[in-house]
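**Q** Sequence:
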Amino acid sequence: MRIGCLQFAPQVGDVDNNLNRADAVLSKANPEDLDILVLPEMAFSGYNFKSLQDISPFLEPSGSGITSLWARTMALKYNYTVLAGYPEKVDVSPNWPTGPEYYNSAIVVNGDGETIANYRKAFLYYTDESWALEGNRGFYDGYIPGLGNTSIGFGMDINPYKFEAPWHAFEFAFHVLEVESNLVIVTMSWMTREDRRHFSRMPNEPDMDTLTYWITRLEPLIRSNNEDEIIVVFCNRTGTEDEVTYAGTSAVIGIQEGEVKVYGLLGRGEKDLLVIDTNNRPYAKLLYRPEDMVGSLNKHTAKLEQPGTPKTDAQATAAPGKPQVQQEKPAKNSSEPDRKDTLPAPSSLKSTPLAVRPRLVIPQSPPILPNQQYSEEDDITSAISMNSL
Numbered sequence: 001m002r003i004g005c006l007q008f009a010p011q012v013g014d015v016d017n018n019l020n021r022a023d024a025v026l027s028k029a030n031p032e033d034l035d036i037l038v039l040p041e042m043a044f045s046g047y048n049f050k051s052l053q054d055i056s057p058f059l060e061p062s063g064s065g066i067t068s069l070w071a072r073t074m075a076l077k078y079n080y081t082v083l084a085g086y087p088e089k090v091d092v093s094p095n096w097p098t099g100p101e102y103y104n105s106a107i108v109v110n111g112d113g114e115t116i117a118n119y120r121k122a123f124l125y126y127t128d129e130s131w132a133l134e135g136n137r138g139f140y141d142g143y144i145p146g147l148g149n150t151s152i153g154f155g156m157d158i159n160p161y162k163f164e165a166p167w168h169a170f171e172f173a174f175h176v177l178e179v180e181s182n183l184v185i186v187t188m189s190w191m192t193r194e195d196r197r198h199f200s201r202m203p204n205e206p207d208m209d210t211l212t213y214w215i216t217r218l219e220p221l222i223r224s225n226n227e228d229e230i231i232v233v234f235c236n237r238t239g240t241e242d243e244v245t246y247a248g249t250s251a252v253i254g255i256q257e258g259e260v261k262v263y264g265l266l267g268r269g270e271k272d273l274l275v276i277d278t279n280n281r282p283y284a285k286l287l288y289r290p291e292d293m294v295g296s297l298n299k300h301t302a303k304l305e306q307p308g309t310p311k312t313d314a315q316a317t318a319a320p321g322k323p324q325v326q327q328e329k330p331a332k333n334s335s336e337p338d339r340k341d342t343l344p345a346p347s348s349l350k351s352t353p354l355a356v357r358p359r360l361v362i363p364q365s366p367p368i369l370p371n372q373q374y375s376e377e378d379d380i381t382s383a384i385s386m387n388s389l
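Take the UniProt record's numbering: the final residue in the sequence shown is number 389, and no numbers are missing along the way.
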């Protein structure tokens, strides 16, 4: 599957320029030969509105606003599916006293220009609550030709409901398992609480704390030990709006048999099109070891497994916090794992101690990294170093 993830920096209420910003990123990339192009949440309106009054001029009629037009134009031009977030206005009835309803929504348009899905955000962040209603149909799931069984969510959807539900309710993740999706798309306007000046100093580096948190919220998928791979697309935005800074770090991962493979990711401040082919070999993964290996928490110097290498029967667990990331540079001629980090295979859904949380493993000599290139002298792990939130 070829997936395009458009990460850019829209501004609140600046619709025309936001359209130009998206087009400018695409013009520098190669948006052809994709199966799906994914855009962030509220891609062209901007996100950080304070009230219904503020957002009212930018609300779009269901399936017929500027976002829908742009998505339809791109889908017809390149013959692929497009998903984009937008602020939706629904005229329920022309008769008084029923007024319009407003939702934070995502539209999906196929290569024939037909609207095949319109998902309304189920779990609202406090910014959304100032103007939008909760979608009353639950999380989206459906079969999309060319993509398969697909679940769609927003950034807040992967969190506990209203931050009040138990951490281990994992509402969205269990939904994905229940409907047996092979593709999960999460469109986002995910923020960081880190100081803006510090955060923006390393625009090409992904925010590893944010990426690890997203993955931990999909813990049931990792624990399920599915034989079939589940592809997950995290499409976030970057930039700033007023006091808010967005975390970027858009990524495409694969979850299979307890392993998390990283097919590609962008930096926190990059404005780029991440293009991933999931038929290609991933360039990084989170590595877990079976229960009989518990106790050996040595630093990892392993190379990424070659395709076809037998997989270990492993389970995974993670909890929000600071992941451990490989820091030393592997030997240049190493071809086999030297030592391995090991994690327990817990029998119940419990938070994992910090010491045994997952580590991101990077191959010593990766292929050309999606949207990034490093010289041989660079320590590849520095390209995805961890930064505290």
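It should be emphasised that the hints constitute simulated quantities derived from the structure, not laboratory data.
Computed from a predicted structure; not experimentally measured.
Don't be surprised by glycine CBs; every beta carbon is placed ideally from N, CA and C.
Any given hint might turn out to be false.
As the list claims (entries may be wrong) - Straight-line distance between alpha carbons at most 25 Å, and here's what the computed BS3-like set of lysine-lysine pairs gives: (1) K89 / K162; (2) K89 / K28; (3) K271 / K261; (4) K271 / K77.
Unchecked claim - Simulated DEER-style distance windows between Cβ atoms: (5) R197 / G138: 36 to 46 Å; (6) P166 / N280: 30 to 40 Å; (7) D14 / R281: 33 to 43 Å.
**Q** Look at each hint and say if it fits the structure.
**A** Okay, the hints, checked on the actual structure:
no., hint, in the structure
1, K89 / K162, "holds (23 Å)"
2, K89 / K28, "violated (33 Å)"
3, K271 / K261, "holds (23 Å)"
4, K271 / K77, "holds (22 Å)"
5, R197 / G138: 36 to 46 Å, "holds (40 Å)"
6, P166 / N280: 30 to 40 Å, "holds (38 Å)"
7, D14 / R281: 33 to 43 Å, "holds (40 Å)"
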